[in-house]
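Novice: The listed protein sequences correspond, in order, to chains A and B. Going by UniProt numbering, the first sequence opens with residue 1, and the numbers climb by one from there. Going by UniProt numbering, the second sequence opens with residue 1, and the numbers climb by one from there.
Misleading hints may appear alongside valid ones.
To be verified - With a Cα cut of at most 16 Å, we get these calculated EDC-like pairs of lysine to aspartate or glutamate:
#  : chain 1 : residue 1 : chain 2 : residue 2
1  : A       : Lys96     : A       : Glu127
2  : A       : Lys149    : A       : Glu50
3  : A       : Lys123    : A       : Glu278
4  : A       : Lys3      : A       : Glu197
5  : A       : Lys149    : A       : Glu109
6  : B       : Lys21     : A       : Asp165
7  : B       : Lys18     : A       : Asp38
8  : A       : Lys3      : A       : Asp29
9  : A       : Lys76     : A       : Glu127
10 : A       : Lys180    : B       : Glu20
11 : A       : Lys273    : A       : Asp177
12 : A       : Lys96     : A       : Glu50
13 : A       : Lys169    : B       : Glu20
14 : A       : Lys96     : A       : Glu111
15 : A       : Lys137    : B       : Glu6
16 : B       : Lys18     : A       : Glu162
17 : A       : Lys137    : B       : Glu20
18 : A       : Lys180    : B       : Glu7
19 : A       : Lys273    : A       : Glu243
20 : A       : Lys273    : A       : Glu183
21 : A       : Lys249    : A       : Glu278
22 : A       : Lys164    : B       : Glu20
23 : A       : Lys85     : A       : Glu109
24 : A       : Lys84     : A       : Asp57
25 : A       : Lys307    : A       : Asp29
26 : B       : Lys21     : A       : Glu162
27 : A       : Lys298    : A       : Glu21
28 : A       : Lys3      : A       : Asp57
29 : A       : Lys33     : A       : Glu50
30 : A       : Lys75     : A       : Glu109
31 : A       : Lys149    : A       : Glu192
32 : A       : Lys163    : B       : Glu7
33 : A       : Lys149    : A       : Glu111
As the list claims (entries may be wrong) - Per label pair, the in silico range of CB-to-CB distance:
#  : chain 1 : residue 1 : chain 2 : residue 2 : range
34 : B       : Lys21     : A       : Asn2      : 32 to 38 Å
35 : B       : Glu20     : A       : Asn136    : 32 to 38 Å
36 : A       : Lys14     : B       : Lys21     : 22 to 28 Å
37 : A       : Ala186    : B       : Glu20     : 22 to 28 Å
38 : B       : Glu20     : A       : Lys75     : 28 to 34 Å
39 : A       : Tyr310    : B       : Glu20     : 17 to 23 Å
40 : B       : Lys21     : A       : Ala186    : 43 to 49 Å
If you are wondering where the hints come from, they were derived from the structure by calculation, not from laboratory data. Note that the structure is a prediction, hence the values are computed from the model and not measured. All residues carry an ideal CB built from backbone N, CA and C; glycine is no exception.
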Amino acid sequence: MNKNLIIISERNDKSTNNVLEWLDYYDIDFERKNVDSDRSDFCIRISTQETTTSVSDCIVWNRRGYMSLLPTHLKKSEWIGYLKKEQFPVLATLEKSNPKNYIGSYVHELENNKLNNLQAAAKVGLEIPKTIVTNNKQDLLNFVEVNKKYITKSLVYSPFLEKKDCYYKGNGTIVVDFEKVSEYFAPSLIQEYIDKEIEIRIFFILDNFYAMAIFSQNDLKTQIDFRNYNDVSPNRCVPFELEATTLAKIKEFVSLIGCNSGSIDLILTPENKFVFLEINPMGQYHWLSESCNYYVDKHIAELLIEKVVYE
Amino acid sequence: MNNFIEEGFPLEFQQVQKVEKEQTILRNKKVMDIDFYQSNQITPQNFFKPISKIFKFEFD
Numbered sequence: 001m002n003k004n005l006i007i008i009s010e011r012n013d014k015s016t017n018n019v020l021e022w023l024d025y026y027d028i029d030f031e032r033k034n035v036d037s038d039r040s041d042f043c044i045r046i047s048t049q050e051t052t053t054s055v056s057d058c059i060v061w062n063r064r065g066y067m068s069l070l071p072t073h074l075k076k077s078e079w080i081g082y083l084k085k086e087q088f089p090v091l092a093t094l095e096k097s098n099p100k101n102y103i104g105s106y107v108h109e110l111e112n113n114k115l116n117n118l119q120a121a122a123k124v125g126l127e128i129p130k131t132i133v134t135n136n137k138q139d140l141l142n143f144v145e146v147n148k149k150y151i152t153k154s155l156v157y158s159p160f161l162e163k164k165d166c167y168y169k170g171n172g173t174i175v176v177d178f179e180k181v182s183e184y185f186a187p188s189l190i191q192e193y194i195d196k197e198i199e200i201r202i203f204f205i206l207d208n209f210y211a212m213a214i215f216s217q218n219d220l221k222t223q224i225d226f227r228n229y230n231d232v233s234p235n236r237c238v239p240f241e242l243e244a245t246t247l248a249k250i251k252e253f254v255s256l257i258g259c260n261s262g263s264i265d266l267i268l269t270p271e272n273k274f275v276f277l278e279i280n281p282m283g284q285y286h287w288l289s290e291s292c293n294y295y296v297d298k299h300i301a302e303l304l305i306e307k308v309v310y311e
Numbered sequence: 001m002n003n004f005i006e007e008g009f010p011l012e013f014q015q016v017q018k019v020e021k022e023q024t025i026l027r028n029k030k031v032m033d034i035d036f037y038q039s040n041q042i043t044p045q046n047f048f049k050p051i052s053k054i055f056k057f058e059f060d
């Protein structure tokens, strides 16, 4: 008998829709739970012998967001911050009770720690940019070398603040202007700027890795960070075959941090070195799949089916 | 905007942009239009119905 297939996502996620169309095509039943619309019933039973949960015997693809456990009307409550925090250990337990059949992770997304990830990448032998995290100018000046460029980016999320008449938003990765640095500041991540031949985006799910080369270096808008997308003249993106040694290190890295799906950003330098930048546990792959004709949606549907039917 | 730096915000705030909501209002207008069609249940299918009737008439 087939296992139940649960897909956790957001209402408007295009990639989820595409995968579900493939599941329909293959005539496989599934249950979609959207974080922004549905409340999901759940139960966790803990005894001295074992822990069982509502998803213990299911195959779960946590594509985006998380399983929403609150009564819908409470989502607008002024207590929502508190209620979400109370929900977190439940979500973590649901995930951890079924690690083999739980693909993707909201817990990883929430706890994604760039500093831990850099350390893990270095541990498996991947090159990483020289990095400092500090809150004062003196330590920063002791770290930097004259005539070198340095970038800064958020430790977790890019700044965003909405007000009545305007909003403020960060620019992603930016080059540090040392003349503007004050003596003391909130903790900031600073890395040496690395020249790139190309940037590489890798999407992975279980043991499937899809890499794409992004020619972002020749466009001033995307030179520092390809995510400052140039919609008028988009970067050229083509399939990229990672050489075996780097791929083995990447696999070791994702195993070390315990992540079974996500997107990884690398730089290939003019000296042909691969430098790890960061990992996003719930990254988008639609752009990569379409640019490279990888048919990732179809592959995801097929690997979910393999789990549902044969495991 | 410079206040962010003087006040000791993270260095990433060196390039935080302030975006006036004028553009957003235009976008909201679009969303409202879409909502209007959705609330009146005008779908691509029934939106083109009159045209298909004309075709039908011509074929008849």
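Novice: Are the hints correct? Go through all of them and say.
Specialist: To see whether the hints hold, each was checked on the structure:
| no. | hint | verdict |
| --- | --- | --- |
| 1 | A:Lys96 x A:Glu127 | violated (31 Å) |
| 2 | A:Lys149 x A:Glu50 | violated (54 Å) |
| 3 | A:Lys123 x A:Glu278 | holds (14 Å) |
| 4 | A:Lys3 x A:Glu197 | violated (46 Å) |
| 5 | A:Lys149 x A:Glu109 | violated (30 Å) |
| 6 | B:Lys21 x A:Asp165 | holds (5 Å) |
| 7 | B:Lys18 x A:Asp38 | violated (34 Å) |
| 8 | A:Lys3 x A:Asp29 | holds (10 Å) |
| 9 | A:Lys76 x A:Glu127 | violated (45 Å) |
| 10 | A:Lys180 x B:Glu20 | violated (24 Å) |
| 11 | A:Lys273 x A:Asp177 | violated (27 Å) |
| 12 | A:Lys96 x A:Glu50 | holds (13 Å) |
| 13 | A:Lys169 x B:Glu20 | holds (11 Å) |
| 14 | A:Lys96 x A:Glu111 | holds (14 Å) |
| 15 | A:Lys137 x B:Glu6 | holds (13 Å) |
| 16 | B:Lys18 x A:Glu162 | holds (10 Å) |
| 17 | A:Lys137 x B:Glu20 | violated (32 Å) |
| 18 | A:Lys180 x B:Glu7 | holds (12 Å) |
| 19 | A:Lys273 x A:Glu243 | holds (11 Å) |
| 20 | A:Lys273 x A:Glu183 | violated (35 Å) |
| 21 | A:Lys249 x A:Glu278 | holds (14 Å) |
| 22 | A:Lys164 x B:Glu20 | holds (10 Å) |
| 23 | A:Lys85 x A:Glu109 | holds (15 Å) |
| 24 | A:Lys84 x A:Asp57 | violated (25 Å) |
| 25 | A:Lys307 x A:Asp29 | holds (13 Å) |
| 26 | B:Lys21 x A:Glu162 | holds (10 Å) |
| 27 | A:Lys298 x A:Glu21 | holds (9 Å) |
| 28 | A:Lys3 x A:Asp57 | holds (7 Å) |
| 29 | A:Lys33 x A:Glu50 | violated (26 Å) |
| 30 | A:Lys75 x A:Glu109 | violated (20 Å) |
| 31 | A:Lys149 x A:Glu192 | holds (6 Å) |
| 32 | A:Lys163 x B:Glu7 | violated (19 Å) |
| 33 | A:Lys149 x A:Glu111 | violated (29 Å) |
| 34 | B:Lys21 x A:Asn2: 32 to 38 Å | violated (50 Å) |
| 35 | B:Glu20 x A:Asn136: 32 to 38 Å | holds (34 Å) |
| 36 | A:Lys14 x B:Lys21: 22 to 28 Å | holds (27 Å) |
| 37 | A:Ala186 x B:Glu20: 22 to 28 Å | holds (26 Å) |
| 38 | B:Glu20 x A:Lys75: 28 to 34 Å | holds (29 Å) |
| 39 | A:Tyr310 x B:Glu20: 17 to 23 Å | violated (56 Å) |
| 40 | B:Lys21 x A:Ala186: 43 to 49 Å | violated (26 Å) |
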